[in-house]
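S.K.: From first to last, the protein sequence lines are chains A and B. Position 80, counted from 1, in the first sequence is what my numbering calls 80; the numbers after and before it change by one each time, with no gaps. Position 113, counted from 1, in the second sequence is what my numbering calls 113; the numbers after and before it change by one each time, with no gaps.
Rather than coming from a laboratory, the hints here were simulated on the basis of the structure. No experiment lies behind these values; they were computed from the predicted model shown. There may be inaccurate statements among the hints.
[Stated by the list, open to error] Here are the simulated lysine-lysine pairs, BS3-like style, with alpha carbons at most 27 angstroms apart:
#1 A/K30 x B/K6
#2 B/K6 x A/K155
#3 A/K31 x A/K59
#4 A/K183 x A/K30
#5 A/K31 x B/K36
#6 B/K60 x A/K176
#7 B/K22 x A/K31
#8 A/K132 x B/K33
#9 B/K50 x A/K183
#10 B/K6 x B/K30
#11 B/K10 x A/K18
#12 A/K176 x A/K132
#13 B/K3 x A/K179
#14 B/K10 x B/K22
#15 A/K91 x A/K62
#16 B/K33 x B/K50
#17 B/K36 x B/K50
[Stated by the list, open to error] Take a look, some chain B residues computed to stay more than 12 angstroms from chain A by CB distance:
#18 E4
#19 Q11
#20 I13
#21 M57
#22 F64
#23 L79
#24 G116
#25 N121
#26 L129
#27 N159
[Claimed, not checked] Per the computed footprint, the stretches of chain B lying under chain A, defined by three or more beta-carbons under 8 angstroms from a beta-carbon of chain A, are:
#28 14–20
#29 44–52
#30 65–72
From the three backbone atoms N, C-alpha and C, an ideal C-beta is built for every residue, glycine too.
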Amino acid sequence: MDKIYTGNRIKELKEGNKQAFELFVTEYQKKVYYYVYKYFNNEEEVKDISQDIFIKIYKNIKYFREDSNLNTWVYKIMHNTCTDEYRKRSKRKGFLASFFQDDHQIESVVDTNPSANPESISDQNERQEELKNCVQSLPPRQRDIIIMKVWEELKIREIATILDCSEGTIKANLFKAYKNLKKAYQPLMELL
Amino acid sequence: MKKECKRVQKQLIAFHQNELSKERSDEIIKHLKSCKLCRNMNKDIESISKSINQVKMPKKPKAFWDKNSSEIMYKISELPETSPLTRFLSSFTFKANFSRAPRFAYSMTLVAIFFGIFSFNQYLQYSDLLHNMDMISNMDVLQEMQMYQNLEDINDVENSQ
């Protein structure tokens with residue numbers, strides 16, 4: 001996606017061209033929305049936060065120095081906004097209690113496995129929920145890296161740029177995250 | 001655990017994502033064939049990655065995305081116009097490129113500027129003091145000169161008498 005955003009298109013965005021930005025929103029909104037969703041696992045919060053991210057992008061695109069690609073820069077804004085929001089919400093009393101509540105629908109897995117019976121679908125959904133909770137219960141840095149690496153499929157170099165740290169730190173944290181996930185998710189893995 | 005095992009396990013994730021050189025990938029493949037511990041670790045990583053990738057995201061209809069993008073554009077159109085002065089001032093804030101690392105550098109620069117101003121102020125005060133002391137010592141000399149002059153005048157008067 002970011003390959004489209006080079007030269008003239010970035011220049012248009014930097015100049016504040018609203019048509020160019022509308023196109024950018026259309027192309028990036030799913031990416032931003034689902035990134036925030038993976039971070040908060042709560043649909044009520046996601047829409048507002050993802051819209052705030054676009055407003056921040058609009059306000060700050062003129063400061064984009066083009067020393068990294070636009071995709072990495074957008075991820076940096078997404079990550080910083082989500083981290084700030086998470087900190088704010090964590091401080092609020094009772095937030096953590098509602099944080100792990102199941103208040104969203106997960107796409108049915110019937111499409112991917114037509115032969116699955118309702119019980120196994122429910123099991124799979126439960127396991128997926130459990131796994132999401134496992135990811136979210138990781139220490140913040142490990143959780144961020146797992147989301148970026150495994151879900152978003154970013155390269156270690158890109159994650160290092162987004163998080164302002166060395167590639168070695170990312171690799172070490174990723175390794176620790178897998179170890180922690182294995183510990184937390186072991187009983188479910190045996191069922192898979 | 002062997003040293004090589006530790007090294008291999010730390011690189012297994014990069015190995016999965018094809019982020020290693022061909023030589024290093026070949027070395028890892030060779031090691032996995034001979035080491036059960038690392039092979040199990042590799043299986044776990046594969047299994048967890050696969051499970052995470054299978055987690056489904058809530059599907060949204062096209063209307064949802066259309067509404068979302070129009071809401072974003074509406075919020076943007078409602079943003080107040082920034083004055084040139086605000087734009088100039090905001091260029092000094094930490095927003096640029098959303099990088100958090102230079103904050104330390106920015107803070108240190110501000111501290112250096114503060115100490116620079118403080119030291120310059122101290123220097124000005126000190127030079128004022130020196131100037132005043134010079135004045136006082138000059139006044140002493142002048143007073144002495146005046147005194148000698150007066151003595152000479154008295155002598156002259158006495159001589160003439």
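S.K.: Looking back at the numbered hints, which does the structure fail to meet, lowest number first?
M.R.: 1, 4, 5, 6, 7, 8, 11, 15, 19, 20, 21, 22, 23
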